[in-house]
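Protein chains: 2
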Amino acid sequence: MKTYQYPERSAWADICARPVFEQQELMAGVRELLDFVQRSGDAAVRELTRRFDGIHLDDFFVSEPEFEAAIDQVDEELKDAIALAANNIRTFHNQQFHEVPPVDTARGVSCWRQNRPIEKVGLYIPGGTAPLFSSLLMLAIPAQLAGCQEIIISTPAGKSGKVHPAILYTAQFLGLKKVLKLGGAQAVAAMAYGTETVPNVYKIFGPGNQYVTAAKILVQEAGVAIDMPAGPSELLVIADKQARPAFVASDLLSQAEHGVDSQVIFVTDDQKVLEETLAAVEAQVQDLPRRETARAALASSKAVLVADLNEAVAFSNTYAPEHLIIATENALELADYIINAGSVFLGNWTPESVGDYASGTNHTLPTNGAARAYSGVSLDSFQKKITFQRLDRRGIEEIGPAVVLMAEAEQLRAHADAVSLRLQALAREMEAADSQNTL
Amino acid sequence: MKTYQYPERSAWADICARPVFEQQELMAGVRELLDFVQRSGDAAVRELTRRFDGIHLDDFFVSEPEFEAAIDQVDEELKDAIALAANNIRTFHNQQFHEVPPVDTARGVSCWRQNRPIEKVGLYIPGGTAPLFSSLLMLAIPAQLAGCQEIIISTPAGKSGKVHPAILYTAQFLGLKKVLKLGGAQAVAAMAYGTETVPNVYKIFGPGNQYVTAAKILVQEAGVAIDMPAGPSELLVIADKQARPAFVASDLLSQAEHGVDSQVIFVTDDQKVLEETLAAVEAQVQDLPRRETARAALASSKAVLVADLNEAVAFSNTYAPEHLIIATENALELADYIINAGSVFLGNWTPESVGDYASGTNHTLPTNGAARAYSGVSLDSFQKKITFQRLDRRGIEEIGPAVVLMAEAEQLRAHADAVSLRLQALAREMEAADSQNTL
Chain G
734 MKTYQYPERS
744 AWADICARPV
754 FEQQELMAGV
764 RELLDFVQRS
774 GDAAVRELTR
784 RFDGIHLDDF
794 FVSEPEFEAA
804 IDQVDEELKD
814 AIALAANNIR
824 TFHNQQFHEV
834 PPVDTARGVS
844 CWRQNRPIEK
854 VGLYIPGGTA
864 PLFSSLLMLA
874 IPAQLAGCQE
884 IIISTPAGKS
894 GKVHPAILYT
904 AQFLGLKKVL
914 KLGGAQAVAA
924 MAYGTETVPN
934 VYKIFGPGNQ
944 YVTAAKILVQ
954 EAGVAIDMPA
964 GPSELLVIAD
974 KQARPAFVAS
984 DLLSQAEHGV
994 DSQVIFVTDD
1004 QKVLEETLAA
1014 VEAQVQDLPR
1024 RETARAALAS
1034 SKAVLVADLN
1044 EAVAFSNTYA
1054 PEHLIIATEN
1064 ALELADYIIN
1074 AGSVFLGNWT
1084 PESVGDYASG
1094 TNHTLPTNGA
1104 ARAYSGVSLD
1114 SFQKKITFQR
1124 LDRRGIEEIG
1134 PAVVLMAEAE
1144 QLRAHADAVS
1154 LRLQALAREM
1164 EAADSQNTL
Chain L
734 MKTYQYPERS
744 AWADICARPV
754 FEQQELMAGV
764 RELLDFVQRS
774 GDAAVRELTR
784 RFDGIHLDDF
794 FVSEPEFEAA
804 IDQVDEELKD
814 AIALAANNIR
824 TFHNQQFHEV
834 PPVDTARGVS
844 CWRQNRPIEK
854 VGLYIPGGTA
864 PLFSSLLMLA
874 IPAQLAGCQE
884 IIISTPAGKS
894 GKVHPAILYT
904 AQFLGLKKVL
914 KLGGAQAVAA
924 MAYGTETVPN
934 VYKIFGPGNQ
944 YVTAAKILVQ
954 EAGVAIDMPA
964 GPSELLVIAD
974 KQARPAFVAS
984 DLLSQAEHGV
994 DSQVIFVTDD
1004 QKVLEETLAA
1014 VEAQVQDLPR
1024 RETARAALAS
1034 SKAVLVADLN
1044 EAVAFSNTYA
1054 PEHLIIATEN
1064 ALELADYIIN
1074 AGSVFLGNWT
1084 PESVGDYASG
1094 TNHTLPTNGA
1104 ARAYSGVSLD
1114 SFQKKITFQR
1124 LDRRGIEEIG
1134 PAVVLMAEAE
1144 QLRAHADAVS
1154 LRLQALAREM
1164 EAADSQNTL
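Quick note, the sequences are listed as chains G and L, same order.
Just add 733 to the spot in the first sequence (first one is 1) and you have this note's numbering.
Just add 733 to the spot in the second sequence (first one is 1) and you have this note's numbering.
Honestly, the hints are just simulated from the structure, not real lab data.
The C-beta atom is built at its ideal place from N, Cα and C for all residues, glycine as well.
Do not rely on the hints blindly, as some may be mistaken.
[Unchecked claim] Derived list of chain L stretches under chain G, where covered just means 3 residues or more per stretch with a C-beta under 8 angstroms from a C-beta of chain G: (1) 953–959; (2) 1109–1115; (3) 1134–1147.
Produce the complete structure using the sequences and hints provided.
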């Protein structure tokens, strides 16, 4: 890790800069794959799966016998762990329902907002060597709570043509059976455009490699929504003198093992904690199965010594990390000043990895500084919020004249007329009523 | 309007299809403009403004004297209308705050969610002949409620180099003074990348022509968020026999006057209402200043006679309109079955144009079928929702073992270690406490 001692604020932007990857060529290549699938449907998907995954698929969907076989291949202990995680994720996301009950914004003008599920969603789950069944929990549970009717899962099969049993077990555990054995840009394309056998969906979720991410960005042009443009995983840790260097080191490494392009940032106001943490990182990394990956990630990672914890928070807000651990005495107080972050972990007993699996919060979070403008996935991500309004006769009387004036000022006469016509009808109704009263 | 009598469901998709525009060339052209601004900053913006708007700007920002001059150029009546609209918009959006208070997902595991404003936002407001000061109200008010610190407005100046007074008055009325005299793709680029004089923002909002929309879609690749990809405006009206043909016709025309590419769809279960409405459209269109525009829009618009109102709702959900008027006896009941729509207007006294200006709901809404996956702009659009979690010793004991199992199954050992290390430390602490108790 590169170490910075009390860097000037003017240097922060450079320290916080993520590595930039040249995207243009990647995008052009992925666009061709998408066009191929849009044009040739199943045949294109089959051909691309043969080319990139090295397998031939007659049927893209996982069959019932494959589901059944998976059940026996997952340990009972792991099944219990999945049930516990699912329960906590469900509990937290279930708190996220929010509608706006009718409010009278003016006399006779009632406005409210209701939620509706996105009817058809696609969940991309990376597979292969590291089967991310945890991502399936994180995406499928809020989709089900929201009431999405059609939930399609797509995850690449291994060389054997089989999907990892932990993913198939988790899907069944949640009651989901539409699982495509597809990976890469072709999986995204199939769900975005639909093919002869794959239904199209309205929104695509899930992490993936750079091809998957590029495909997700590009299908937006066809009107398909995506959860967010996900990049390499990140962690920033803020620690003070009461932090435990061994804990902090293990947290930094848990992020570094994700991939060579993962980034970890360590910010502290304590020189001793800085040194001990760096030493602990060195000691712990040696025993990791993925130590080469972790070392590569550490090479582009940073340790920053700052004057005090306010500066640490300001630095973190500049970086806008996906994950933020605050391992300080006053973690709860500092949390109030965090503006840009995906998910925040407080105190010495809250490693980031609990959020990856089982605390209940969502682990699909904005990376690469996107936390400045994006939130992580939540129940909201699977819902649309529709506004409703109802005016009665008093209502159109109350706000109609203002609408007429504004529409005319915007030179939209038909907008004004739609109101004027009603105001005139109302005037006639009232005259008629008056003359009846006079009789 | 093209009329369909009781079309088969299999024909609905075709009837609902929007006109498709070839985007590739447009995108390539806009990408060049964006690159130019990213490379050359203010000089590029100045050059493109000269080229496309025909004006030379020394300073891009509106000056104090220009603001002051605008105040006198707006009628007092219009000022009152703007105040009324602002008040209603503020009332409705103020109901949209929602945080998730701490919930214990497991013993010792506390999770919650808080809102944070997006610090820097850019609002694009179309100008020129039709100055959309109403869009400024719709975007700036929730931005201010959310607490966005930096709110940059960009709106094109006319040939005189001046911004329309109604827009400048509205900005001042809201207390906003950072107004750029820029339009088109160069305005979006300046706010997305920043220049020597224009600060970059994290999210860009607002309607615009096809160049503005293309620019918004493309800057997403640079990590800048956008409200939504906005297309031509749309309205679908569902009417039964109690609807008033003159009212419905005025609503259809209020949408048709927006632009030649606007689309209006009229769905009814009553033959007489259908005929009378079409006749009323013909009668009313003749008096409109924008009748040529409206007629062109009507040419690609559709009237559909269906068997009953359930079919009307199903048809509307297939189309997924930006605006939906339900002018039926049982409008409130039908509203429950609306799944895909941006904003819904109920009953005979709720013309769509009240939502454009003053009912209080937002008029920045998903078009082109995007209502299947997107919501309109709301307070949420200007906030990020950050999740927090805090485990105490009991918490890590409670869920730690499940996390270890799941991380190991995903072959992420360092993730497991971050928990195991803490569980071991806890065990040592407890042993030490026990031996002290024994003494």
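Consistency of the hints with the structure:
no. : hint      : verdict
1   : 953–959   : holds (count 5)
2   : 1109–1115 : holds (count 3)
3   : 1134–1147 : holds (count 12)
The earlier numbered hints are all upheld by this structure, with none contradicted.
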